[in-house]
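**Q** Listed here are the chains, written in short residue letters.
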Amino acid sequence: MAVMKFPVVELAKDKFQVSVDMSLYAKEVIMATIYKFSHLFYIHQQTDTNNQTLVNVIFESKDNNMITEDIPKQFCNELIDQQIRYNTNAQFGHIRDMIVQEAFKPVTSK
Amino acid sequence: MAYQLLPFRFEWFNENEYLLTNEVGEYIFLQNNDFQRFVNGELDEHSELFYDIESKQIATTDKVEDVVQMLATKFRTKKSILRDFTSLHMVVPTLRCNSSCIYCQVARKNMDDHSADMTKKTAKNVVKTIFQSPSPCIKIEFQGGDPSTDFDMVKYIIEEAEWQNLFKKKELDFVICTNLTLLNKDMVKYLKKHKCMISTSLDGPKDLHDTNRPLQNKKLDHHAIFEKNLAMIRQIWGNNDCVSALMTTSKHSLGRFKDIIDEYIRLGFNNIFLRSLNPYGFAKQYKEKIAYPVEEFIANYKEGLDYIIELNKQGTFFVEGFAALLLKRILTPFATGFVDLQSPAGVGIAGAIYDYDGNVYVSDEARMMARFMNYYFKLGNVNENTYQEMFNGELLHHIIASACNECLPVCAECVFQPYCGADPVRNMSEQGDMVGFRPTNEMCKKTKAIIHYLFELLQKHDPEINRIFWSWLN
Ligand code: SF4
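Read top to bottom, the protein sequences are chains A and B. Numbered continuously in the numbering used here, the first sequence closes out at residue 110. Numbered continuously in the numbering used here, the second sequence closes out at residue 474.
Hints were generated in silico from the structure; no laboratory data involved. Do not take every clue at face value.
Said to hold, decoys possible - Ranges between beta-carbon positions, derived for each pair:
(1) A:Asp21 x B:Asn474: 50 to 58 Å
(2) A:Asn77 x B:Met373: 58 to 66 Å
(3) B:Gln4 x A:Asn77: 21 to 29 Å
(4) B:Gly315 x A:Ile58: 46 to 54 Å
(5) A:Asp63 x B:Ala401: 28 to 36 Å
(6) B:Ala401 x A:Lys36: 21 to 29 Å
(7) B:Arg371 x A:Ala12: 15 to 23 Å
(8) B:Gly315 x A:Asp21: 56 to 64 Å
(9) B:Gly321 x A:Met66: 20 to 28 Å
(10) B:Glu15 x A:His44: 29 to 37 Å
(11) B:Leu49 x A:Asp97: 48 to 56 Å
(12) A:Met66 x B:Ala299: 20 to 28 Å
(13) A:His44 x B:Pro409: 15 to 23 Å
(14) B:His114 x A:Met66: 20 to 28 Å
Said to hold, decoys possible - DSS-like mimics (lysine-lysine), calculated; alpha carbons at most 27 Å apart, straight line:
(15) B:Lys445 x A:Lys62
(16) B:Lys218 x A:Lys105
(17) A:Lys36 x B:Lys448
Keep in mind the model is a prediction, meaning the values are calculated, not measured. All residues carry an ideal CB built from backbone N, CA and C; glycine is no exception.
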């Protein structure tokens, strides 16, 4: 197994922790990312006791699903995509609402 | 940023590229670094790449209000299927059937058991309810059992509907879903006279068809009777288009898609809808006998689609229906209603089913659930409830609120969302609630894999494949 570096830490056999920097990622982003992995693992998140800007996400094996080091890495990649979705949505979310509103607005005849 | 991002969804498509789609299904592939530059506002708005993105209405340098107008018009077109409300009305005149298909879930009755035949009073109320739909187009589809086992009731409903329509003046169509084996010349002449199209089931060559769909009378040869009657119907009708066929994939069908497609061609069909089984209601041991993992279906589907493309390349015009539906959504701005895959879901608002006892369910699958004592999706009964109570009641409003994949978890951000749909009934039956959980959802896995594959094919920019795909879209 390759040596893993922070932010991924192997806590025990089949138990990994990923530390997420809250100055880089929004709370909603972490939730959306966790949701996508929750069928495979028990996932727990808690604020780091020593550093309030870090949230530790802990993966624990469920239904004999093996946790390989790939999983926390995939989680990190998914976090990035989710944060892009969050950022871009902040830019165009209101436009999406405008499109739907305009498309379904009642037709007024003169 | 010199440009404004417009609403889009994205996903990593392969090692090197992202796929982006906008609200109305226009798409573009971007290399990883181009994607990062694009979302960070670093693309040169005078570059070729930006012009491509702008032409897909994924970003703009124009006034946002103007682009919103254009996108809203396209969005309205895509959603125009909602305008008419329920147009597909499936009616079950009886549960009697002469087959014993291995995947049947309707608790069919034997031929001499009349306990699940529709009464005239119920039939009259069914037709009355149907004609209260505001839709200018009404399609009445007879399902069963096999509706030909109670052909008198089919005739009664057709004539009652035609009578009602003298006043309502809607576009009225009929379809009868039957295994063909009980149809005789007089029946076919009647169906032709009343423009009732025939939809049948064909699971493949003789051995496979008879394994999946044996007749109860073991002495009879299902496939042989099917073939004889198919010829008789076409001869009376004078063309091949009067009968369409549907296939269902059982465990026995896996590895046989080429044979199945060949059989369709041999029998003069020019399309097939490669359809997976949905055996949620079966007991576990039985499920193991006929069902299979969704991954196996996907692999078979791809092989089947490749084969069909190859046949088209060699000059045989033959369409795969599911791919054609998705391609129409990917490549054209047109609306495509398909009750099983649309957003909002078609349940109740595009199609509804009227059971033999007058119970009304939002879909055929909802009717199957009722066989297992789950009446969650029952809208009411034509003998007891008004149209308004059933089709404008709290229940249907509640169901539809959970049936838009624009706002379902994971779907809301899915790059394939503009082409996909929601299915609250299936979510409920398979995952316990109407919202469902996408990461383990079988329908999601299947749809995602198939759309992904279609994009892989489109990305090849093979002129022949593109020509074939476009030829399927009429
Ligand atoms: S069901 Fe799956 S493929 Fe369809 S939109 Fe939702 S997540 Fe995407």
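**Q** Identify every previously stated hint that the structure contradicts and give their numbers, smallest first.
**A** Numbers 2, 4, 7, 9, 11, 14, 16 - these are the hints that the structure violates, sorted from lowest upward.
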